[in-house]
Amino acid sequence: MSDQFKNYVLGFTAAARLTINMRDPFVLKKFQRKLFEVAEIYHRYLIRSSASERKQLQVSLYSLIDIIEYEDHLKRIHPLLSAQAKRALLKFYGAIPPAPASREIPEVKSIPAVAKEEPVRLSENKQKILTFLKQAPARAKDVVDEFNVLSSRTVKRSLSELISAGLVTRRNKERGVIYTAAE
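Each step along the sequence shown adds one to the number in the working numbering, with nothing skipped, and position 15 is 15.
Any given hint could be a false lead.
Unchecked claim - With a Cα cut of at most 30 Å, we get these calculated DSS-like pairs of lysine-lysine:
(1) 173 / 156
(2) 29 / 86
(3) 156 / 128
To be clear, the hints were calculated from the coordinates, so they are not data collected in a lab.
Based on the sequences and whatever the hints tell you, model everything.
Following this line, the structure appears as structure tokens:
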């Protein structure tokens, strides 16, 4: 059995031993989840030996140690048991070898897919607004006045959606914004 695995077993059992004395059910559940997370990540690390798995394992170990220190600070667990658990976990932490560079899988750059131009489906209100703007450029206030059934918020939202669809252009003028139907 390797030293790394011995340190893992000792750290895991020392940490698991602490659960016997934990009284707070919330902290106990959090500690148990973190303990199982460490075990899961360690097993993945043994299989892949990647740098990201190693980093995740280190972060999980430190958060496990943080919970132990929190419980120790509140004097909810025996200080000798917490010291043993922290020592064993830190020893395991120190025994984790760096991931070999040759096992790292290179990043594959994806080629952007060519988007198919789908016809834009417009609601009845947006079609009416677009038809109105095709007749002549107008301000948002003019569009609201033309379609007095619609609220100004609905008109402005429809205009911004038409702009993002590329059907309407927006130009800043001296006295406001002018909307024009795109050619």
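Hey, residue 173 versus residue 156, does the alpha-carbon distance stay inside 30 Å? Cα-Cα ~17 Å, so holds.
Does the alpha-carbon distance linking residue 29 and residue 86 stay inside the 30 Å limit? holds (19 Å)
Measure nothing beyond the straight line between the CA atoms of residue 156 and residue 128; if it is 30 Å or shorter, mark the hint as holding. Holds, at about 14 Å.
Hint compliance for this structure: no hint is broken.
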